[in-house]
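Chemist: Please put together the full structure from these sequences, using the hints given.
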Amino acid sequence: MTAMTKKAQKDKSATYPLYEKLIKSDPLAELDTVTKERVGQLEWYIMKNCLWQYNSRGWDRRNQNAGIIGKTAQLLCDEEVENSTPLDKCYWVDAVMLNRAYRELYPWISEISKDEIKSLMKILHARMDWVMIDGSLNEELVVQHY
Amino acid sequence: MTCDVKVKDRVGTINPIFTCQPAGAQFASIGVKDCIGLVHGGQGCVMFVRLLISQHLKESFEIASSSLHEDGAVFGACGRVEEGVDVLLSRYPDLKVIPIITTCSTEVIGDDVDGVITKLEEGLLAEKYPDREVHLLAIHTPSFVGSMISGYDVAVRDFVKKFAQKGEPNGKINFITGWVNPGDVKELKHLLAEMQIDATVLFEIENFDSPMMPKGDEVAHGNTTIADLQSTGSASHTVALNRYEGGKAAEFLQKKFKVPATIGPTPIGIRNTDSMLKKLSEITGKPIPESLVRERGLAMDAITDIAHMFLADKKVAIYGAADLVIGLAEFCLDLEMKPVLLLLGDDNSSYVNDPRIKALQENVDYPMEIITNADFWDLEDRIKNHGLELDLILGHSKGRFISIDYDIPMVRVGFPTYDRAGLYRYPVVGYGGATWLAEQMANTLFTDMEHKKNKEWILNVW
Amino acid sequence: MPYHEFDCSKVIPERKQHAVVKGPGEDLTHALPKGYLNTIPGSISERGCAYCGAKHVIGTPMKDVIHLSHGPVGCTYDTWQTKRYISDNENFQLKYTFATDVKEKHIVFGAEKLLKENILEAFKAFPNIKRMTIYQTCATALIGDDIDAIAAEVMEELPGTDIFVCNSPGFAGPSQSGGHHKINIAWVNTKVGTVEPEITSDYVINYVGEYNIQGDQEVMQDYFKRMGIQILSTFTGNGKYDELRGMHRAHLNVLECARSAEYICDELRARYGIPRLDIDGFGFKALGDSLRKVGMFFGIEDRAEAIIAEETARWKPELDWYKERLAGKRVCLWPGGSKLWHWAHAIQEEMGVKVVSVYTKFGHQGDMEKGIARAGEGTLAIDDPNELEGQEALRTLRPDVIFTGKRPGEVAKKMRVPYLNAHAYHNGPYKGFEGWVRFARDIYNAVYSPIYQLSGLDISKDEIATDKGFMTRRMLSDATLPEASRNDPMTGYTGKYDSVSDLRTKTYPVFERKSSSAAAE
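Residue numbers (the numbering used here), protein chains in the order written: chain A, 1 to 146; chain B, 1001 to 1462; chain C, 2001 to 2521.
Calculated directly from the structure, the hints in this document are not laboratory data. The structure presented is a predicted model; accordingly, all values stated were derived computationally and were not measured. Fair warning: there could be bad hints in the mix.
[As the list claims (entries may be wrong)] Calculated cross-link-like contacts (lysine-lysine; reagent style DSS-like; alpha-carbon spacing at most 25 Å):
1) C:K2010 <-> B:K1096
2) C:K2113 <-> B:K1008
3) B:K1186 <-> C:K2413
4) C:K2083 <-> B:K1186
5) C:K2461 <-> B:K1215
6) B:K1384 <-> C:K2095
7) C:K2124 <-> B:K1008
8) C:K2414 <-> B:K1058
9) C:K2095 <-> B:K1058
10) B:K1006 <-> C:K2116
11) B:K1006 <-> C:K2103
[As the list claims (entries may be wrong)] Restraint-style ranges between C-beta atoms, simulated for each label pair:
12) B:N1460 <-> C:L2481: 47 to 53 Å
13) C:D2088 <-> B:K1255: 56 to 62 Å
14) B:D1405 <-> C:E2196: 32 to 38 Å
15) C:N2189 <-> B:K1453: 52 to 58 Å
16) B:Q1165 <-> C:G2023: 20 to 26 Å
C-beta atoms are modelled at their ideal positions from N, C-alpha and C, and glycine is treated no differently.
Modeler: Here it is as structure tokens:
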């Protein structure tokens, strides 16, 4: 093992408390086919077109996922989104793009209930946390400083 | 009339004419067959030099780095040399020669590369590669000494030093070309062949200009073999064309193996080519054949169409490697031109004592400046702020913006010449080179005449 | 773990974890190479050094500055004119480079006095320039010269000058990336906030991670200006030193190259609360969405839509013309750090070109995450590639074209794979709507080059047609297309050779400023 990975390992243990593992395993694994497929489509769009989910630290990704997916869920349910800070507004613009894309590309979204949307988006959120943070193989996510 | 030799009067460099020593050592290393240099230092020292060479030759060459990182800078990095040698040998089955080229960082750290080589020979090579022929040599080329030119000189000497052996006299001469192009090597080999002289050419880089083949399996590489290098100790004579690019090797062979050395001339222009052929003839006893008289005649025929009509009195600035600059200046004088500014890009203390420079000082009948340790600002400042007027610039492509911004025509010569197509394929040495140079200069001046509408109608009936 | 083992790297087994093939149905939790680790000595890696990352990539694009490297001349020479970061300041930053020319005696006795003399000489030679950046090199880092102290001394003695010091010697990190980090942090620590900038618009951004390669920045700047957005500073392409000192006053940081500049965005967010918006300037959809998001942030999305509509109407037909002809062509996308992910999806979607391999010379695992996510199944992803692995991959994959650096491009040429320069472009710029079509045009010209077709003919054994005097690209590209396409009067890109210079003399609409209370929101 090289010096760099040794350092990262050390940092890992030293700063693990910085973000706790929230999602222990792939949240899609045990779900039904339809849900898997739908969340898969939503995830596919994000992974092909978006960059907001790649900030370089685990805690940062946690915030990004929560902010953007949270607001997207609200928009998909036609709710008012409050943006009290510039950072909020920044999440919101990415959420608006997702809201539009999802409605355009995935007609099934307009046909399900708001509760179902919320539920799906919650799973998507967990799934994004899993892929980008808790299940990620990126060893830099735990480094302390930028 | 005065010909001043001065040193650049600033301590710093604005727009350098040369890069540093390791580049020269790396250029030497790619001329050897089955050789991959391991540059002990930061990755940039290799990456940029490979890029520079690829810009000039439009080919890629393999050179490795020991990839010095922070821990190595603090604790020493000899281990990385050992690992580098092992990795190279295990992945390149035909590899036989690995020069370890040092850089400023590893010289400052004080890594004992020579010691590492001994350790490797006794350890890794004996244990892991007992049946392979592997030659390791250390080439010390820190960047804070000299320049890429001295780095090349040092490397040539070190290659010769490593391999030269005393054997049965082989009747050949060692022919050290200096830092030249494949086109130059081709021309020089042609002249040797016409003279029927058997020579070991260092370095055999004609194949640097290599084809794109239908199967896609061609690679550009040098062709000087270990046997070639070994045979240098048994030669009858060494001729090093460029004092500063191979002189050290010739002196070494003279000292250690009593192989007589002839240093120079740089065969640029008719007169210097004549001298070189005469010296070769004296050394080997071979006569200069009629075919070369005719070849010389062809060059004469081409050049005399141009010289007194178009080239006479044209003021030239020349920059680059000392041997190249001096050779070009001498040829320009024979062509009735006026080299007014010569820029030698490093601080080699021998320049002031160079008899060719002394000859210029004694005989030039108009003001000429020779600047050592020069940079491009020495040229630009004189043009921009001190009224220097030039008709032509001779030098390599890094100076191109001076030609472009001040609208002064420029013929690209030296290293690197990447902003014109195919220059490496042509000689600047020999009779072929004399013709090529004279015609390039003329055509460049003609283009400029048309561009500036400066009596361009003269060419209507030339 | 679908790690990919190269035959040529079996003897260095640690390499196996640096290459991955994206399997069917796999996501990033299954497949991700290691990244940004120390380089294996002797591997003949593509990587450069941290000095390059700091001085060459990020520092020198600043156009109104004397860039002085403290060390022997080599580092300076090597990073002079070797990247195409142009500027509208007559390319001062391309033409002039400065080195303190450290020699042996300085190594022994120290070079601080030499440095000071150099700084004064440089300012004297260019009396109209009052800004300087000084870069440490391996040599001066090792001898311990205190560049910051000397710079401070000179700034005292020459009021009106300002000097930025970057301590990023070549060995400071596994690759160029270490240098990016160092200069980002040094700039935000020492220079941001030291000038109060003039605000000329209600909508103020820093455009970060953009280096104006062949005019990319000027293309994007044109869009922002058409929207009435003030680019307070560009970090650092076509950028001005004093503008960059005012970065703290922007409302938004628009980030292109996250690899080289996310650090400063993250620090500005932490210190000044300025949000970071990552965008893609490449590809019609990605670029359009990016402009929309920036517009949306400021409540002026309609202005973005107007630009997108105009540009799409002008350029989409030509892009589609190329897409029809490039569909199914296979490419190795082998750049330095971020283009693997800027381009991987957009090229497939908008040009039909299939990416069969991505690599990154100095990127981190984050870059690989983005690249692998955006690339398709079966893509071979390589971290820190080396010479033999590249050749083995090319022989196995047999792509139709390769996007990579100038020197590896020569390797590809020999193997009969046409190449386009991924770092500095062929006939760029490639950002923007028109730029993307220029890129498609270059790919088309490379792939359907009649000369390239001829290079595969072995005249000693293959059939030689004796009835043909020439072939055209169109004859090659349209051979299997429907008749309507073959007869299409469109012939591809109709823009100029130089698509950037005209932007420099353009006039822009003036938008009314909101009253100060409204502007506060």
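Chemist: All the hints need checking, so say for each whether the structure fits it.
Modeler: How the hints compare with the structure:
no. : hint                            : in the structure
1   : C:K2010 <-> B:K1096             : holds (20 Å)
2   : C:K2113 <-> B:K1008             : holds (18 Å)
3   : B:K1186 <-> C:K2413             : holds (24 Å)
4   : C:K2083 <-> B:K1186             : violated (33 Å)
5   : C:K2461 <-> B:K1215             : holds (12 Å)
6   : B:K1384 <-> C:K2095             : holds (15 Å)
7   : C:K2124 <-> B:K1008             : holds (16 Å)
8   : C:K2414 <-> B:K1058             : holds (11 Å)
9   : C:K2095 <-> B:K1058             : holds (23 Å)
10  : B:K1006 <-> C:K2116             : holds (23 Å)
11  : B:K1006 <-> C:K2103             : holds (19 Å)
12  : B:N1460 <-> C:L2481: 47 to 53 Å : holds (50 Å)
13  : C:D2088 <-> B:K1255: 56 to 62 Å : holds (59 Å)
14  : B:D1405 <-> C:E2196: 32 to 38 Å : holds (36 Å)
15  : C:N2189 <-> B:K1453: 52 to 58 Å : holds (56 Å)
16  : B:Q1165 <-> C:G2023: 20 to 26 Å : violated (57 Å)
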